[in-house]
Amino acid sequence: MAAIVTAEGLQKSFARRGSASPPVLDGLDLELEEGAVLALLGPNGAGKTTTVRILSTLLRPDAGRATVAGFDVVREARQVRQIISLTGQQVAVDDKQSGAENLTMMGRLAHLPRRVVRERVAELLTAFDLSHAAHRQVGTWSGGMRRRLDLAAGLLTRPRVMFLDEPTTGLDPRSRQALWDVVRGVVDEGTSVFLTTQYLEEADRLAQRVALVDGGRIVAEGTPAQLKRQVGEAGVELTFATASDADRVAPALGVATVDGTRVRVPTDGSVGHVRAVLSAVEAAGPVPEHWEVRAPSLDDVFLTLTGHVGQESPARTAEVAA
Amino acid sequence: MTYLLSDVSTMAARSLRLVSRDLDAMITAVVLPVVILLMFVLVFGGAVDIGTDYINYVTPGVILLAAGFGAANTALAVEHDMSSGMVDRLRSMPMTAWTVLSGHVVASLVKNLATTAIVFGVSMAIGFRPEASVLEWLAAVGMILLFVGWITWLAALVGVLVRSPDAAGGFTFFVMFLPYVSSAFVPVDTLPSWLRGFAEHQPVTPVIETVRSLLSGGVPTAADPVGVAVLAVGWCLGLGLVFAVAAGLAFRARR
Ligand SMILES: Nc1ncnc2c1ncn2[C@@H]1O[C@H](COP(=O)(O)OP(=O)(O)OP(=O)(O)O)[C@@H](O)[C@H]1O
Ligand SMILES: [Mg+2]
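Line order of the protein sequences matches chains H and X. Under this note's numbering, think of the first position of the first sequence as 942, with each following residue one higher. Under this note's numbering, think of the first position of the second sequence as 95, with each following residue one higher.
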């Protein structure tokens, strides 16, 4: 299949002259295939939003090239804007307008004929389960409803590519599930989706391919299964009151401690294996304060693939300190 | 081009809707000017001697003061659009994104038209006696709207440039200051000389003088009303143009 979004060697720095903050994007390459979902996965400050802003024509890269459906995002921004939609990290709807008013406005601004706007708005309100609140001001809606409206606003034109920047951050599990269903429906209708997220699980559920971004570059790319295999399986995690307790248990399990008081043993999650691990812990003596079986997290992915725990980039940290 | 007009009108309709549902903005536009008018007339009215009823003198000034307060609301609204992701979304669409600014300006003009009607209404109910033909009334309202226009474009520029709602709110200080140091509330020659120079050469004074001579009502008017009117219109159009272009450029530059 052909690529509908490409980026080659994207560079972007926000450093002012005289300051030495590192570039936010430092040679970022990626590709989204037509009809597929690509998840750009990374911690705070990794450069996800910056990437989305460049691909959606809001920001010019310092160097490198990006295209959407063959159009250059800088030189042919106008053509690109005809076929994309952007749902940014913040919900961009007016609290003081009703849901229907918000969507109608966006339809007018997308230059759709009035009749089409009316039909599409009704269609989307129903599809996103918002009809019951359509004529209430959005300021009175729940976070999940607002996010769904935000997404609907991006779908009025049936875009070929949809950019979603952390669409489920801050949503409860049920709203998140509902939003995933919506995204799957969009993909079924033929839209390609470029998604950023901090959650491995989200990438896993939605995306055919996952690109891991750190320090402004892609550090790993593949199917969710491939990435998880690189990280390893789930683990039994034990937390002890003191480091010396952890030090006594870890050798008995054949692993090293993590963070002094934590011990992590890889497991396939079967009852037999977990019981065996716990028996070994009991035999070693110290009683853990807390234990759980945990699937690999984004932190684990990062730890494994980059050698450091996913952390805020130096630029972001400096900004907070300033 | 046809799309530009449709974008302008869609954004104007949006801003009007937002303003009409914003309690703060409505209080600023409707209640506050009336309170200020009553305060000036009832509290200061007896103390200021300008050879006519103070209400005849002060009414136009109250309207311009209200325009200043309203402009602060515009700065806040623009700042919110810039930082809330709304402008990002508009920029990713095939529309003309800066029309979001002209939308706020149109809404401000309509809002101030309502303020003007209400202040004149209340003022006439408590004793303001203008003597003006229909044409003079229209000219006076046009003068007021020209003033509102430039100050709103300045507010839009401020909204684009600042990085926080607090900074946008700080704009209120500036726009409050201008009418006070003009002939809006007291004759300029009662000001200390170092302020007088500024008061005589800032845009509020000729605008006020022009509105007063159009509505007369026994207020002593300037020696050369036509010259003052030309100066007032020149100020407003010039500043309006400068700030509109600056706001547009700043909007394009701010990423
Ligand atoms: N306009 C800007 N001016 C200066 N620095 C910026 C600007 N935009 C982003 N940055 C910096 O670039 C870095 C990457 O930001 P970006 O928003 O792309 O990260 P992100 O991966 O989206 O993070 P998050 O998960 O927090 O949304 C951060 O250090 C941020 O402070
Ligand atoms: Mg982000």
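Because the hints were derived from the structure by calculation, they are not lab data. Bear in mind that the values here come from a model prediction, so they are computed numbers and not experimental data. The C-beta atom is built at its ideal place from N, Cα and C for all residues, glycine as well. Treat the hints with care, as some may be off.
[Said to hold, decoys possible] Heads up, incomplete: computed chain H residues facing chain X, CB under 8 Å, no partners named:
#1 E1042
#2 H1052
#3 L1053
[Stated by the list, open to error] Computed Cβ-Cβ distance ranges for the label pairs, DEER-style:
#4 X/Y274 with H/G1126: 56 to 62 Å
#5 H/Q1031 with X/V336: 28 to 34 Å
#6 H/A1068 with X/S103: 54 to 60 Å
#7 H/D1122 with X/G263: 37 to 43 Å
#8 X/M133 with H/D1122: 40 to 46 Å
#9 H/E1060 with X/S100: 28 to 34 Å
#10 X/Y97 with H/R1001: 38 to 44 Å
#11 X/D260 with H/E974: 42 to 48 Å
#12 H/R1001 with X/L99: 27 to 33 Å
#13 X/A340 with H/D1013: 46 to 52 Å
#14 H/A1068 with X/S114: 27 to 33 Å
Hints, one by one, checked against the model:
1. E1042: holds (7 Å)
2. H1052: holds (6 Å)
3. L1053: violated (11 Å)
4. X/Y274 with H/G1126: 56 to 62 Å: holds (59 Å)
5. H/Q1031 with X/V336: 28 to 34 Å: holds (32 Å)
6. H/A1068 with X/S103: 54 to 60 Å: Violated: the Cβ-Cβ distance is about 28 Å, outside 54 to 60 Å.
7. H/D1122 with X/G263: 37 to 43 Å: holds (42 Å)
8. X/M133 with H/D1122: 40 to 46 Å: Cβ of X/M133 to Cβ of H/D1122: about 58 Å, so the range 40 to 46 Å is violated.
9. H/E1060 with X/S100: 28 to 34 Å: violated (19 Å)
10. X/Y97 with H/R1001: 38 to 44 Å: violated (24 Å)
11. X/D260 with H/E974: 42 to 48 Å: With Cβ atoms ~46 Å apart, the hint holds.
12. H/R1001 with X/L99: 27 to 33 Å: holds (29 Å)
13. X/A340 with H/D1013: 46 to 52 Å: Given about 30 Å between the Cβ atoms, the range is violated.
14. H/A1068 with X/S114: 27 to 33 Å: For H/A1068 and X/S114 the Cβ distance comes to about 30 Å; the hint holds.
Hints 3, 6, 8, 9, 10 and 13 from the list above are not met by this structure, while the remaining hints are.
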